[in-house]
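Visitor: Protein chains in written order, with the numbering used here: chain A, 1 to 464; chain B, 1001 to 1533.
Think of the hints as simulated: they come from the structure by calculation, not from any bench.
This structure is a prediction, so every number in the text was calculated from the model and none was measured.
There may be inaccurate statements among the hints.
Stated by the list, open to error - Cross-link-like lysine-lysine pairs, in silico, DSBU-like; alpha carbons within 35 Å at most: (1) Lys-1400(B) - Lys-1149(B); (2) Lys-349(A) - Lys-1155(B); (3) Lys-344(A) - Lys-1155(B); (4) Lys-1364(B) - Lys-1423(B).
Chain by chain, the residues:
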Amino acid sequence: MSTPIIFIFFPLSISILLYMLQKKTRLVSLIGILTCILIALFAIFQDFGGVLKIGSMSVEIKTTFSFLGRSFALSNEDRFFLSFVFISSALWFGVTGIVGVSVSFIPLGLAIISIMTGALAVEPFLYSAILVEIAVIVAIPLMIQKGKPVGKGVLRFLIFQSLAMPLVLFGGWLLGGIQASPSDASRLLQAALFLGIGFAIWLAVFPFQSWVPQLTTEIHPLIAGFFLGLFPVVTLLIMLDFISGLVWLRESLFIGPVLRLVGTIMIVSTGIWAAFEQDARRLFGYAVLLESGFSLVLVSMQSNINVKTLFISFVPRMIGLAVLALALSVIIQNGISPTIGSLKGMIRKLPFASSALLVSLLSITGFPLLAGFPFRLATLEKLGQGNLNAAMWVLVGITAFLFAVIRLLSGIASPTLEKWQAVESVSQMIYLSLGILALVILGVLPNIFGDSIAGLFIYLPILR
Amino acid sequence: MLTLIPIFLLILFAVIIQFLGRYRLTIGSTWLATAGSVLLVWFYMIILRVLMPSGVTIENWYPLGIGTDLLVYQFSPRTWVFAFLLVSLLVAVIFTDTIRLNQGNNLTTWTGSMVLTAVGLFSILSQTLLAVIITWSIIDVVEIGILTKIIDHKKIHYAAVVEFSTRVAGTLMIISVVVISNIHHLTIEASAYSAMSLSLILSGSVLRLGVLPMHVPFTANLPVRRSLGTILRFVAPISVFSFLSQIQPPKTLDIFSTIIFLFALVAALYGAIKWLISQNELIGRPYWMLAFSGLVIITFLRGQIESMIALSMIMIVCGGAVFLHSSSSRYFFIYVIFLVISMAGFPYTPVTSAWVGLLSAPIKALDFILIISLCLLFLGVIRHLLRIQHPDPAIERWMKMFYAIGLILLFIVPWLTLIWRFKDIRSFIFWYGPVLLLIMIASLLIFRKSKIDRKILELSYVRKAIGHIGFIGKYLEIVFTFDWLFRLLRKIYEILFRIMQFFISTLEGDGGLLWALLFLALLASVIIGDRIP
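Bound conformation, chain A alone:
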């Protein structure tokens, strides 16, 4: 038994099975959620490369697997990612029923996770580009609504992702050729440039970000949240693995400053776009971009503590986006367009969804008391120690984004003639309240798990 079989091929086969069982909605949900939970538990508790004991039986868990001449490797370094991805998928799949998302979301979602995990595991890394492209293609049916034309955002998403693939492949191929003569600086730079642009398109770095808010406006918020919560994280981890694997790149003088500059531009531009935004669905897209900007800033600092900060920050990021997606889904389900104009006084009609929308956006911004705050502050402090100007610009970006959230708050909390009531269903109220509670608890007590999760962060990519 090997980890790639458990984390890639097993969920992939389950997804095929679930796709065929689509009519049995509850069964599909149950199997999907249970599969994710089981796999996540395995990732948390099992030592990769060790022995799994089931009663008197011992099974060796290998970390590599060869398939069609390519090697897939998932080691202890990937345990946090795997547990994070499968736990969050279980949560995503758990809420599909309460907001009316098609049940095909579960098998396709599981397939996407498996393929993305494969993208992270495949060696040589350049094949990850192909796997990411396959994941994108598998995601397309989820994004298309029956009886409606394909939107601009979906098309642009496909175009950008497809553009990234040849760039990464070409960069990887160039790099492969250079291995023989690593002193060829100009070729190295060319390879880095191709790969850099490829990653920039994948991560929707400015100026390739336009598809993100368009996509979040066109597709169901829950699907957008699932995909945009997962996709940038995987591409970022592929990038980290790539930087970590090439000594010349991670020790080069330009990688840190370039990533810092790109991350800062991303945060500032996202903040400014958001400040002039009227639609909460587009704000959702900007929230994803803001998260990606912060991730790049953390990577740019190239230290173990910052990589650790990046990895732990995936947790509030995922919860924040999930609560945001759920809140938007509930609002849309009630026939309300989530624009500032239409949301006026909405707190009186949909108090749980409105509060969840505001709390999740505030958490993503880094508002004190909420889950995102400790990570934003830690990032800013470390950035400030190295480059005060960049830290100040990042603060400007946060302020602009916060302004956007306050505008939304002003609209949602605006007094109307309507009486206070709650039209959300009980299950929606419970899920939204739990989401808000999780964001508040992680904001007030960010170290709630203490050192019990430290084991997941022992093997992190080395960036310097």
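Position chain B relative to chain A; hints supplied.
Guide: Frame of chain A; chain B shown alone:
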């Protein structure tokens, strides 16, 4: 842990009282339980000052050590005064509420006041910048939550959002101090803040106090009882004053501090005038806060922390008395006289140190503005306190008794603090300040009583002058309410909005991909030219 007990007690009692009041007790018994609870906390505050226990320090707040900031919650001799004043105000609120029992919403008012006081205490206890950021945010969230629930007028909602925004901006300033100064330990131990850090701290404080840009919330129109409204309005400024009392003030004023000084001066004078002439104490309440915020900022910039504490005392004690007073009696003027004399700042009295921050040596013209501001504030206190309030005929004797005890308690509290503060303030001997203040107050009162003012006002050239002053005043008011600034900002926003929409539609339009590549080329040229060696 002893330090945090008052907060836990207040929240616990609030929950119990809310439950008992709803399902078990009559309104009288509920009030008794509330009064007993807050009195217990009040006595505990005195015990805390005697014991002065060490606080609570949380070293590993961040997960897996990704950050180094500490959370420290403890009292210092200075901050205890603010905490004691706040708890005393709560006791006064509950005691004086006996005569407002028939106004309804008693349970919400009392438990709400207790929770707000607990939040305020938590903020006062904060001894590190991180703790301050967190507790200020709690105050903001609680306040905007309460206001959202009760506001039903668009204009008030707009004012509440503006206030929330400026306060959050103030908190962001303190976050930037953490980022640039890298101060992780106790704020009071940071002996030398850089000029930049101090400027940010000052900006954060004036933004939270509403001094710059000057704005006053429309709290007079809030549908909350005056008692809850009073606590609601006092908590945020007290938390800022307490924070400033922990910061080493600047030794010299740079340009930025001078600008802040001038704005604070304008806020103090403007607030004092508006307070005096306001129709009633509730309409004047935000101006009272604004004026004292200005005065406190001035004394901070002059490096007089003891003066700040004394001014805060006047703000809470006199303000509390005015805002909680809602039933007149024959002997009430005696209380007013004692209150004014007690708070005038004579040597060896609790607020004598107020003058050290208001009067410089040698005395400057600027100081007269401060004396006039204080004089106007006291005149407003007298005016609003002596306005005849018609008591409810249904009020029983015991209600009147507790109402009186509540007001008397406010009077006594500063004297109680003197037990521990006397050694710090006995060296402040300022006779001419309080004497001048009392002479000015007395003269103006005599003027008013003897109707000389009316005769003077009837003189034609005086009427003309008043007309001109009124005309100028009208425009000055437009300037100082800063509504024009918010309107201007809105206009700028609308212009920028159109420009941004153009950019967005360009990037997201059919040619968006080409534009993206063009931007990439531009960006790459900057990066390659500037960053890559």
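Visitor: Each of the hints needs a verdict: does it hold here or not?
Guide: Results for each hint:
no.	hint	result
1	Lys-1400(B) - Lys-1149(B)	holds (32 Å)
2	Lys-349(A) - Lys-1155(B)	holds (21 Å)
3	Lys-344(A) - Lys-1155(B)	holds (14 Å)
4	Lys-1364(B) - Lys-1423(B)	holds (28 Å)
No hint from the list above goes unmet by this structure.
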